[in-house]
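> The residues making up each chain are set out below.
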Amino acid sequence: GAVVSQHPSRVICKSGTSVKIECRSLDFQATTMFWYRQFPKQSLMLMATSNEGSKATYEQGVEKDKFLINHASLTLSTLTVTSAHPEDSSFYICSAPWGGSGANVLTFGAGSRLTVL
Amino acid sequence: DAKTTQPTSMDCAEGRAANLPCNHSTISGNEYVYWYRQIHSQGPQYIIHGLKNNETNEMASLIITEDRKSSTLILPHATLRDTAVYYCIVGGAQKLVFGQGTRLTINP
Chain A
18 GAVVSQHPSR VICKSGTSVK IECRSLDFQA TTMFWYRQFP KQSLMLMATS
68 NEGSKATYEQ GVEKDKFLIN HASLTLSTLT VTSAHPEDSS FYICSAPWGG
118 SGANVLTFGA GSRLTVL
Chain B
4 DAKTTQPTSM DCAEGRAANL PCNHSTISGN EYVYWYRQIH SQGPQYIIHG
54 LKNNETNEMA SLIITEDRKS STLILPHATL RDTAVYYCIV GGAQKLVFGQ
104 GTRLTINP
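Taken in sequence, the protein lines are chains A and B.
According to our numbering, the first sequence is numbered sequentially starting from 18.
According to our numbering, the second sequence is numbered sequentially starting from 4.
Check before you lean on any hint, since a few could be wrong.
[As the list claims (entries may be wrong)] Computed, partial: chain A to chain B, Cβ under 8 Å:
#	residue
1	F56
2	S60
3	L63
4	T66
5	G70
6	Y75
7	V79
8	A89
9	G116
10	N121
11	L123
12	T124
[Stated by the list, open to error] Each pair of labels, with its calculated beta carbon distance range:
#	chain 1	residue 1	chain 2	residue 2	range
13	A	K31	B	E69	36 to 46 Å
14	A	S35	B	L83	21 to 31 Å
15	B	E69	A	K37	18 to 28 Å
16	A	A127	B	T82	16 to 26 Å
17	A	K37	B	N60	14 to 24 Å
18	B	M13	A	S71	35 to 45 Å
[Unchecked claim] DSBU-like, lysine-lysine: derived pairs with alpha carbons at most 30 Å apart:
#	chain 1	residue 1	chain 2	residue 2
19	A	K81	B	K98
20	A	K37	B	K98
21	A	K81	A	K37
22	A	K72	B	K6
23	B	K98	A	K72
24	A	K81	B	K6
25	A	K81	A	K58
26	A	K81	A	K31
27	A	K58	B	K98
28	B	K72	A	K58
29	B	K6	A	K58
30	B	K98	B	K72
Because the hints were derived from the structure by calculation, they are not lab data.
All values derive from a computational prediction rather than experimental measurement.
Where is the CB? At the ideal position from N, CA and C, for every residue including glycine.
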């Protein structure tokens with residue numbers, strides 16, 4: 018089946034630094050990928066839609082200059098958290114749609130847990 | 004995307020069928036019903052989806068009412084590994100928005 022790989026699974030960084038998270042579709046091409054964020058004991062919140070070869074579409078309230086998304090190929094999207102602060106500590110999860118005519122079945126990565134000190 | 008309503012939590016005995024309800028009274032004609040689950044600290048896992056007809060796969064069955072305003076996910080023989088948060092989502096061909104889900108606990 019379709020597999021999405023995320024890296025790193027865990028990252029700890031100092032406040033003010035930038036962190037890059039990679040999301041790869043391993044056995045299929047993804048022109049679109051979705052980035053979610055999840056705080057403890059909360060549901061997933063959609064941050065942005067990553068579009069191959071064009072700009073990402075951000076959800077309301079998500080700072081595009083803070084969360085840089087690059088979708089340079091059909092199998093790779095990256096999320097860079099710039100000038101990270103402790104409040105950016107969260108579980109970041111990417112997903113990509115596969116299969117299905119009309120249905121948007123998403124396969125998710127295992128997530129990346131970011132801790133900002 | 005249409006909004007869904009699910010119970011906050013449910014318990015089920017191991018080996019029994021777990022029936023998870025979901026209300027989606029504002030679903031539109033071209034929107035699918037999706038079910039995902041998330042085991043603690045992992046990415047969500049796809050379970051099943053449907054449009055109008057009932058669906059079954061190796062993981063679960065999905066029963067959608069005729070008016071499509073509600074659905075039930077059935078795990079036929081729940082095991083301890085089925086303990087997770089289950090999300091019912093309705094949507095079309097684009098992004099999926101997650102609600103709060105149902106925390107299902109399977110008890111030995």
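> Take the hints in turn and mark each one as holding or not.
Status of the hints after comparison with the structure:
A distance limit of 8 Å between C-beta atoms decides the matter here; for F56(A) the minimum to chain B is near 13 Å, and the interface restraint is violated. Hint status for S60(A) relative to chain B: holds, with the closest Cβ pair at about 5 Å, below 8 Å. The beta carbon of L63(A) comes within 6 Å of a beta carbon in chain B, closer than 8 Å, and the hint placing it at the interface holds. Look at T66(A): its Cβ gets to within about 6 Å of chain B, closer than 8 Å, so that hint holds up.
Because the closest C-beta pair between G70(A) and chain B is about 18 Å apart, greater than 8 Å, the hint is violated. At its closest, the beta carbon of Y75(A) sits 12 Å from a beta carbon of chain B; the interface hint therefore is violated under the 8 Å criterion. About 13 Å separates the beta-carbon of V79(A) from the nearest beta-carbon of chain B, more than 8 Å, and the hint is not met. Hint status for A89(A) relative to chain B: violated, with the closest Cβ pair at about 21 Å, above 8 Å.
Interface hint status for G116(A): violated, as the beta-carbon distance to the closest one in chain B is roughly 10 Å, over 8 Å. With 8 Å as the threshold, the beta carbon of N121(A) comes within range of chain B, its nearest partner Cβ sitting at about 5 Å, so the hint holds. At a threshold of 8 Å, the smallest CB-CB gap from L123(A) to chain B is about 6 Å, leaving the interface hint in force. Taking 8 Å as the C-beta cut-off, the interface hint given for T124(A) holds, the closest approach to chain B being about 6 Å.
Checked against the given bound of 36 to 46 Å, the beta carbons of K31(A) and E69(B), roughly 57 Å apart, lie outside it. Look at S35(A) against L83(B): about 41 Å separates their beta carbons, and that is not inside 21 to 31 Å. For the hinted restraint 18 to 28 Å between E69(B) and K37(A), the CB-CB distance of approximately 49 Å leaves it violated. The beta-carbon spacing between A127(A) and T82(B), approximately 21 Å, falls within the hinted interval of 16 to 26 Å.
About 36 Å separates the C-beta atoms of K37(A) and N60(B), a value inconsistent with the hinted range of 14 to 24 Å. In this structure the hint that M13(B) and S71(A) lie 35 to 45 Å apart at CB holds, the actual value being about 42 Å. Among the hinted pairs, K81(A) with K98(B) is consistent with the structure: their alpha-carbon atoms are about 18 Å apart, no more than 30 Å. Of the supplied pair hints, the one linking K37(A) and K98(B) holds, its CA atoms being roughly 23 Å apart against a limit of 30 Å.
Restraint check for K81(A) and K37(A): the C-alpha separation of about 14 Å stays at or below 30 Å, so the hint holds. Annotation: proposed proximity of K72(A) to K6(B) holds, straight-line Cα distance about 28 Å (limit 30 Å). Between K98(B) and K72(A), the direct Cα distance comes to roughly 16 Å. Compliance with the 30 Å bound is thereby established for this hinted pair. Restraint check for K81(A) and K6(B): satisfied, since their Cα atoms lie roughly 26 Å apart, inside the 30 Å limit.
As the CA atoms of K81(A) and K58(A) are separated by approximately 25 Å, the hinted pair is consistent with the 30 Å bound. Between K81(A) and K31(A) the CA atoms are separated by roughly 21 Å; this keeps the pair inside 30 Å, and the hint holds. A threshold of 30 Å between alpha carbons decides the hint, and for K58(A) with K98(B) the separation of about 22 Å falls inside it, so the pair holds. A threshold of 30 Å between alpha carbons decides the hint, and for K72(B) with K58(A) the separation of about 28 Å falls inside it, so the pair holds.
The suggested pairing of K6(B) with K58(A) holds, with an alpha-carbon distance near 20 Å, which does not exceed 30 Å. Of the supplied pair hints, the one linking K98(B) and K72(B) holds, its CA atoms being roughly 21 Å apart against a limit of 30 Å.
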